[in-house]
Amino acid sequence: MSTEISIRKRLGNFSLAVDLCSSGGVTGLLGASGCGKSLTLRCISGILKPDEGRIVINGKTVFDSRKGINLPPQKRHVGYLFQNYALFPNMTVEQNILCGIRSEKDAAVKAETVRRMISSMQLSGLEHHRPFELSGGQQQRTALARILVGKPEILLLDEPFSALDSFLREQLITEMKSLLGSFQGDSIIVTHNRNEAYELCSSLAIMENGRLTETGNTRKIFSNAGTRAGAVLTGCKNIVGAEKTGEHEVRVPEWGISFFTEKAVRDDLAAIGIRAHYFGPDRMQNRFPVKITEQIEEPFAWIIKFRYGNQNAESESIWWRTDKGSYDPSSETGYLGVAPEDIMLLYDTEEEKHGKDRK
Amino acid sequence: MDWYPLWNSLRIAAVSCAVVFFLGIWLAFEVAKMPRIIKGILDVFLTLPLVLPPTVCGWFLLMIFGLNHPAGQFLMKFGFQFVMRWPGGILAAIVVSFPLMYRTARGAFESFDETLSWSGRTLGLSDTYIFWRIRMPVCRQGIMAGAVLAFARALGEYGATSMLIGYTPGKTATIATTVYQLWRTNDNNGALRWVLVNLAISTVVLLCINFLEDGEKQKKGRRQ
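If you read the protein sequences in the order shown, they are chains G and U.
Take 60 as the starting number for the first sequence in my numbering and just add one per residue.
Take 25 as the starting number for the second sequence in my numbering and just add one per residue.
Please note that a few of the clues may not be correct.
What the hints assert, rightly or not - Chain G is nowhere near these chain U residues, computed Cβ spacing over 12 Å in every case: (1) 141; (2) 222; (3) 234.
Unchecked claim - Partner residues are not named here, just some residues of chain U that face chain G (Cβ under 10 Å, in silico): (4) 54; (5) 139; (6) 142; (7) 144; (8) 146; (9) 161.
Stated by the list, open to error - Result set (DSS-like, lysine-lysine): computed pairs, CA atoms no more than 25 Å apart in a straight line: (10) G:134 to U:57; (11) U:101 to G:108; (12) G:134 to G:169; (13) G:108 to U:57.
Keep in mind the hints are simulated off the structure, nothing from the lab.
Just so you know, these numbers come straight off a predicted model, no measurement behind them.
Think of the CB as a built atom: it goes at the ideal place given N, C-alpha and C, for glycine as much as any other residue.
The following block holds chain U by itself, in its conformation from the complex (with noise of 0.2 Å):
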C-alpha cells in the first residue's frame, strides 16, 4: 500500500495548523479589542469560510493563486506556484480551518477576567509575560480545544484542495481525495483501507477534544 497520502495529508495539517494557531490567537486577540462596529464586520470576514462551501473557498483561491491571476503570477516570478502543487492544499487548508481556531480562541479570550492583566501591569509586568504566561494559560483549555478542532478540519479538508491542488497520485493525494478516486475508479477495498486510517485519525481527535473539556469541567468543579 502507498502511504504517500497519510503522509501528505498529515504534513499538510500539521503545517496549516501550526500557521491557523498563531493567526488564528493573534487576530483574536486584536479583534477582541476593537470597538465593536469593526469587530462586527471582522468577524463576518473572518468566519465566512466556515460556513462558506469549501468549493467556492477553492473558487477563491484559484481566483487570487490562479496561474493567470495577479498572486500567482506575481510568486511565478520566484519560481513558486500553489495551483496543482502540495503546497497549495496547506494554502486551502488554512482558509477554511482558520474560522474554527479563530472562534474557539476569541471565546476563551473574551471570558478571560481583564483585571489578571490589569493587576500584572500595576505589578510591573510586562505585557509580552503577561500574554504569555498568565493570558494563554488561563486560556489554554479553550485555545487547545481550538487548535484539535483546526488540525482535524485541515485533515479531512476536501473541497478547496481538490479544486486548487487536484489529484496527482504521489504528489498532491490526500487521504479525502485518494478515497473520492478510488471509489470513482471501482477500487472499494482500496476506498474501504483509506476510509479505515481515517476512522482511526478522527477517533483519536475526538477523544483528545473530549479530554480536554473534561479537564476543563474538573478544573471548574474544584473550583467551587
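This is chain G alone, in the form it adopts within the complex (with noise of 0.2 Å):
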C-alpha cells in the first residue's frame, strides 16, 4: 500500500505545489480554509488535472504528465468522501448505495453485496430513505457505504466532521478511527481541526497558501512543529518572535525574559511557542513572577492570561491552561515555570524568508 503524489497546479493567482509519500495508514492534511487542501484532492481524484507532476496510487500510475497518462476518475478508483456527502437525491439509500458497485454485472449479486453493506453500515431500516430523510450521522454512513462497496484502493475524506454538530462528531470520529483501521488502502483526510487530525491521523501533513510546510508524524509534528503556521494549526495559544542568545538558550525581545531549551537553537530561530497547558506554578524552570490579567473559567478548566513582569505594554497576554482544584482564582500574582522541553522552536520556511528578503 503507497501512494505517491506529486503536482503542481496554476489556478489564477493561486499556485499548488504538493509533494506527498504515504506509505500505509492515514494521512492528514492540515491547514486553514483556502490553503489548497480540496484542491490537492480533487487533483488526486481526477476531477481537476494538475498541469505537471505524477500521481501514484498502490504501484498505479493514474497520471503522469511526462508520459501522457491521465486516467479518468472513474478508473481511478478513489473513494472521495465530499464535504456535504454528494448524496443523489433523486435516489434513495439502497439506489445510491448501488451506483458505488463496479464492474459486477449480475444483479443478484449486486443486490447481496448492497444488502451487507448495508447492515454493515447499520443503515437496516433506512433502505428506502432518500437523503434529505436522513440525519447528519447516517448521511455520511451512507456516502462511506457507497464508497467502500466499490473496494477503492485509497479514500480521500474531505472535512468529513465539518457538516455535523460536535456531540454527533466525537461519536463518530470514533467510528471513522475503526472503519479506517480496518481498511487497506491508504487514506487522506483534509481538514483544518487539529482534535481530527491528532486522532485520526498517523502521519501529517501542514498545508499553507498551497504548498505543505512540515510533513512527518502526527505526534512529533504536535509535540514540536517546526513551523509558525504548524504551531498555530496544531493549537499552539502562545508564538512569539525570539532570537537566538546561546546553544540551549532564546531571548524574548517582547516579554522582557530568556528561556533555556532543551533542542539546540539553529542560527536561523525566528519564533518560539508555548502551548497553553504547558506552564505551572510547579514547574521549577523558566519560572519567572507573572501578573494575572484575565481569568476565563470552562467546565473543567481555567483559561487564563497573564504577563510577565517586564513585557511590552504593546505585546499580547500569554495563555495559560489549567485544570479545575489545581488552581486558586483569587490570586493575581506568583510564579510560573515552563520546562525546557515544551519550548518549541520554530524557523521561518523558504517562501517566508523570500518573503522577508523582499521587504
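These two chains come separately, so use the hints to put the complex back together.
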C-alpha cells in the first residue's frame, strides 16, 4: 500500500505544489480554509487535471504529465467522501449504494452486496429513505457505504465532520477511526481541525498557501511543530518572536526574558511556541513572576491570561490553561515555569524567508 | 365545426416542443460549460427570438427558407418546402419558443450542485449515466417547466407563422391564425368559439406550471 503524489497546478493567482508520499496508514492534510487542501484531493481523484506531475496509487500510475497518462476519475478507483457527502437526492439509500458497485453485472450479487453493506454500516431499515430524510450521521454512513462497496484503492475524506454538530462529531470520529483501521489501503483526510487530525491520522502534512510546510509523524509534529503555521494549526496559543542567545538559550524581546531550551537552537530561529497547558507554578525551570490579567472559566478548566513583569505594553497577554482544583482563582500574582523540552523552536519556511528578503 | 386548426396547432406545438426540448437541453448544458465571453455572446444570440417581434423572426425565416433563397432552393431540389406548408409552422414555433426552454434549462443546470457529478465520476459512473440519471432528474422541475412554457408559446405562435405559412383553411390554418381570419371576415361567433378553445388550453397549461412549481416548493420545504 503506497501512494506517491507530486503535483503542480496554477489557478489564477493561486499555485499549488504538493509532494506527498504515504506508505500505509492515515495521512492528514491540515491547513486553514483556502490553502489548497480540497484542490489536492480533486487532483488525486482526477476531477481536476494538474499542470504537471505524477500520481501513483498502490503502484498504479493514474497521472503522469511526462508520459501523457491521465486516467479519468472513473478508472482511478478512488473513494472520495465529499464535504457535503454528495448523495444523489433523487435516489434512495439503497440506490445510492448500488451506484458505488463497479464491474459487477449480476443483479442478485449486487443486491446481496448492497444488503450486507447496509447492515454493516448500521443503515438497516433506511433502505428506502431519501438522503434529505436522513440525519447527518446517517448521511455520512450512506456516503461511506457507497464508497466502500466499490472497494477503492485509496480513501480521500474532505472535512468529513464539518457538516455535523459537535456532539455527533465526537461519536462519529470514534466510528471513523475503527473504519479507517480496518481499511486496507491508504487514506488521506483533509481537515482544519487539529483534534480530528490528532485522533485519526498517523502522519500529518501541514499546508499553507498551496505548499506543504511540514510533514511527518503526527505525534512528533504536535510535540514540536517546526514552523509558525504548524504551531498555529496544531493549536499552540503562545507564539512569539525570539532570537538565539546561546546553544540552548533564546531571548524573547517582547516578554523581556530568556528561556532555556532542551533542543539545540539554530542560528535562523524566528520564534518560539509554548502551548497553554505547559505552564505551571510547580515547574522549577524557566520560572518567572507573572501578573494575572484575565480569567475565563470553562467546565473543567481555567483559561488564564497573564503577563511577565517586564513585558512590552503592546505585546499580547499569554495564555495558560490549567485544570480546575489545581488553581486558586483569587490569586493575582505568582510564579510560572515551563520545562525546556516544552518550548517549541519555530523557523521560517523557505517562502517566508524570501518574503522577508523582498521587504 | 371544422377542427382542423386545433389538430394542426397541436401537432405543430407537439413536434416543435419535442425538438426544442432536446435542442434546448443540449445547448443549455454545452453553453453552461463554456468560457464566460463565448457564453455571453451565445446567450444573446440564442435568447434574441424572445425579445424580437415574431414578425422579425418570420422575416429572417423567409430570407433563409424562402423559395428564392439558398436553403429554400436547396430543399426544393428534394421536393420539400417550408413556405406556405404546415411543417413551416414547426420551424416558426421552434425559433420563437426555443429561448424559453433554453433559458429555464440553463437556470436549472447552473443551480445544479457539481459535486454530485464529481462524486458520480469517482464512483465509476459513466458521464452519460450521470447526465440522464442524476443531472436530469435533479433538474427535472426546471426542465419540465421550460418544456411546458415552450409548448404554450408554440401553441400561441402567430407572427412568424403567418409570415412563413400564411393562412390556408384545411392546410396551414392554426388556432391563432383562424381567430384573426374569422374576425376579419366578420364571423365573430366563429372567432369566439376558437377563443374559448384557446382559453381552455392556456388554462390547462398554466395549471400545469403551477403544479410543477408547487412540487418544487414542497420538495425544498421538506429538505429544510
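How the hints compare with the structure:
1. Distance to chain G contradicts residue 141 of chain U as a non-interface residue, since its nearest Cβ pair spans about 9 Å, not more than 12 Å.
2. Distance check for residue 222 of chain U against chain G: the nearest CB is about 36 Å away, which clears 12 Å, and the non-interface claim stands.
3. Listed as a non-interface residue, residue 234 of chain U keeps its Cβ farther than 12 Å from every Cβ of chain G; the least gap is roughly 22 Å.
4. Because the closest C-beta pair between residue 54 of chain U and chain G is about 19 Å apart, greater than 10 Å, the hint is violated.
5. Because the smallest distance between the Cβ of residue 139 of chain U and any Cβ of chain G comes to about 4 Å, under 10 Å, the interface hint for this residue holds.
6. Because the closest C-beta pair between residue 142 of chain U and chain G is about 5 Å apart, less than 10 Å, the hint holds.
7. Of the supplied interface hints, the one on residue 144 of chain U holds, with its beta-carbon coming within about 7 Å of a beta-carbon of chain G, less than 10 Å.
8. The beta carbon of residue 146 of chain U is positioned within 10 Å of a beta carbon in chain G (closest approach about 4 Å), and the interface hint is therefore held.
9. With a cut of 10 Å, the hint placing residue 161 of chain U at the interface with chain G holds, because the nearest CB-to-CB distance is about 4 Å.
10. Our distance criterion of 25 Å between C-alpha atoms is met by residue 134 of chain G and residue 57 of chain U, whose separation comes to about 23 Å.
11. Taking the CA atoms of residue 101 of chain U and residue 108 of chain G, the gap is about 50 Å. The hint is violated against a cut of 25 Å.
12. Only pairs whose Cα atoms come within 25 Å are accepted, and residue 134 of chain G paired with residue 169 of chain G is accepted, the gap being roughly 20 Å.
13. A distance of roughly 16 Å separates the Cα atoms of residue 108 of chain G and residue 57 of chain U; the hinted pair therefore holds under the 25 Å criterion.
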